[in-house]
Amino acid sequence: QLQLQESGSGLVKPSQTLSLNCAVSGGSISSGGYSWSWIRQPPGKGLEWIGYMYHSGSTHYNPSLKSRVTISVDRSKNQFSLKLTSVTAADTAVYYCARTGDFWTGYCFDYWGQGTLVTVSS
Amino acid sequence: QSALTQPPSASGSPGQSVTISCTGTSSDVGGYDYVSWYQQHPGKAPKLIIYEVSKRPSGVPDRFSGSKSGNTASLTVSGLQAEDEDDYYCSSYAGSNNLVFGGGTKLTVL
Chain A
124 QLQLQESGSG LVKPSQTLSL NCAVSGGSIS SGGYSWSWIR QPPGKGLEWI GYMYHSGSTH
184 YNPSLKSRVT ISVDRSKNQF SLKLTSVTAA DTAVYYCART GDFWTGYCFD YWGQGTLVTV
244 SS
Chain B
79 QSALTQPPSA SGSPGQSVTI SCTGTSSDVG GYDYVSWYQQ HPGKAPKLII YEVSKRPSGV
139 PDRFSGSKSG NTASLTVSGL QAEDEDDYYC SSYAGSNNLV FGGGTKLTVL
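Line order of the protein sequences matches chains A and B.
The first sequence begins at 124 in our numbering and counts up by one.
The second sequence begins at 79 in our numbering and counts up by one.
Bound conformation, chain A alone (with noise of 0.2 Å):
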């Protein structure tokens, strides 16, 4: 069974970079067919899609939010990561990663981490 788990700072000071990631186990991240997703959601709102990283570690992004996100990877880790510049309390969120299909398994998002509650503030 495919799990996802998020880790990394709960408390980020404004302007400052959020980090995080998400480690993958009971399958390959390098698996064909499937791309990992960070989605976020502000408390009592609706889902944001972040962006995802292809099996082959090409990356996609929401245009809203482009110029301050990067998504990378660690395949011997199997995991891969967040980095969110300049964040304004805008950014407070909880943060899910999810593995995510592609043409060929639907584009939905079939595994999802527990989330991590990321606080902007100083």
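Don't take each hint at face value.
Heads up, simulated DSBU-like pairs for lysine-lysine below, C-alpha to C-alpha not over 35 Å straight-line [said to hold, decoys possible]:
(1) A:K136 with A:K206
(2) B:K133 with A:K200
(3) A:K206 with B:K133
(4) A:K206 with B:K125
(5) B:K125 with A:K200
(6) B:K184 with B:K125
(7) B:K184 with A:K136
(8) B:K122 with A:K206
(9) A:K168 with B:K184
(10) B:K146 with A:K168
(11) A:K136 with B:K125
(12) A:K189 with B:K122
(13) A:K200 with A:K189
Rough simulated footprint, nothing fancy, chain A against chain B, three-plus residues with beta-carbon under 8 Å [stated by the list, open to error]:
(14) 102-116
(15) 126-132
(16) 175-181
A few chain B positions that, by computed beta-carbon distances, are all more than 12 Å from chain A [said to hold, decoys possible]:
(17) A88
(18) S91
(19) G93
(20) Q94
(21) P139
(22) D140
(23) N149
It should be emphasised that the hints constitute simulated quantities derived from the structure, not laboratory data.
By construction, the Cβ of each residue, glycine as well, lies at the ideal position given by its N, Cα and C atoms.
We have chain A; now place chain B onto it with these hints.
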């Protein structure tokens, strides 16, 4: 890209059916058969319940069904049960390797 439009709330009595809509454009919902639906219990991660418009993952009850007409996708929950009271989100492929969510619908079982 703009978020897909969902009604903020929906409700129904136990045993009834309720349908939640998800409206986009020809650039997302209307342009691809890649609409998915998620159920989210408060404080929990979302759970995939419908993908590719109308397909159900293993283990999802057949009370949940999906459809699409033009730029609007729909999730129907039949035979409502108290346990179905959750938030529901739609998502769609939006072209150019982009994905977009709806704003979410809170389903209340009366």
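Here is what the structure says about each hint:
Restraint check: the Cα-Cα separation between A:K136 and A:K206 comes to about 14 Å, which is no more than 35 Å; the hinted pair holds. The suggested pairing of B:K133 with A:K200 holds, with an alpha-carbon distance near 33 Å, which does not exceed 35 Å. For the hint pairing A:K206 with B:K133, the CA-to-CA distance comes to about 34 Å; that is within 35 Å, so the pair holds. At most 35 Å may separate the alpha-carbon atoms for a hinted pair to count; A:K206 and B:K125 meet this at roughly 25 Å.
Between B:K125 and A:K200 the alpha-carbon distance is near 26 Å, which keeps this suggested pair within the 35 Å criterion. Only pairs whose Cα atoms come within 35 Å are accepted, and B:K184 paired with B:K125 is accepted, the gap being roughly 15 Å. For a cut-off of 35 Å, the pair hint linking B:K184 to A:K136 stands: about 32 Å separates their Cα positions. A hinted pair counts as satisfied when its Cα atoms are at most 35 Å apart, and B:K122 with A:K206 qualifies at roughly 23 Å.
Between A:K168 and B:K184, the direct Cα distance comes to roughly 11 Å. Compliance with the 35 Å bound is thereby established for this hinted pair. A hinted pair counts as satisfied when its Cα atoms are at most 35 Å apart, and B:K146 with A:K168 qualifies at roughly 25 Å. Using a Cα cut-off of 35 Å, the hinted pair A:K136 and B:K125 holds, with the two alpha carbons roughly 31 Å apart. Between A:K189 and B:K122 the alpha-carbon distance is near 27 Å, which keeps this suggested pair within the 35 Å criterion.
With a C-alpha separation of about 25 Å, the suggested pairing of A:K200 with A:K189 holds against the 35 Å cut-off. Restraint check on the region 102-116 of chain B versus chain A: 4 residues with Cβ-Cβ distances below 8 Å, three needed, restraint holds. With a threshold of 8 Å between beta carbons, the proposed coverage of the region 126-132 of chain B by chain A holds, since 3 of its residues qualify and at least three are required. By the rule of at least three residues with a Cβ nearer than 8 Å to a Cβ of chain A, the coverage given for the region 175-181 of chain B holds, with 7 such residues.
For B:A88, the condition that its CB be more than 12 Å from all CB atoms of chain A holds, with the nearest at approximately 15 Å. Listed as outside the interface, B:S91 is consistent with that label: its C-beta sits roughly 26 Å from the nearest C-beta of chain A, beyond the 12 Å cut-off. The beta carbon of B:G93 sits about 29 Å from the closest Cβ of chain A, which is more than 12 Å, so the claim that it is off the interface holds. Distance check for B:Q94 against chain A: the nearest CB is about 25 Å away, which clears 12 Å, and the non-interface claim stands.
At roughly 17 Å, the least C-beta separation between B:P139 and chain A is larger than 12 Å, which holds for a residue marked as non-interface. Every C-beta of chain A lies more than 12 Å from that of B:D140, the closest at about 18 Å, which supports listing it as non-interface. At roughly 17 Å from the closest C-beta of chain A, the C-beta of B:N149 stays outside 12 Å, upholding its exclusion from the interface.
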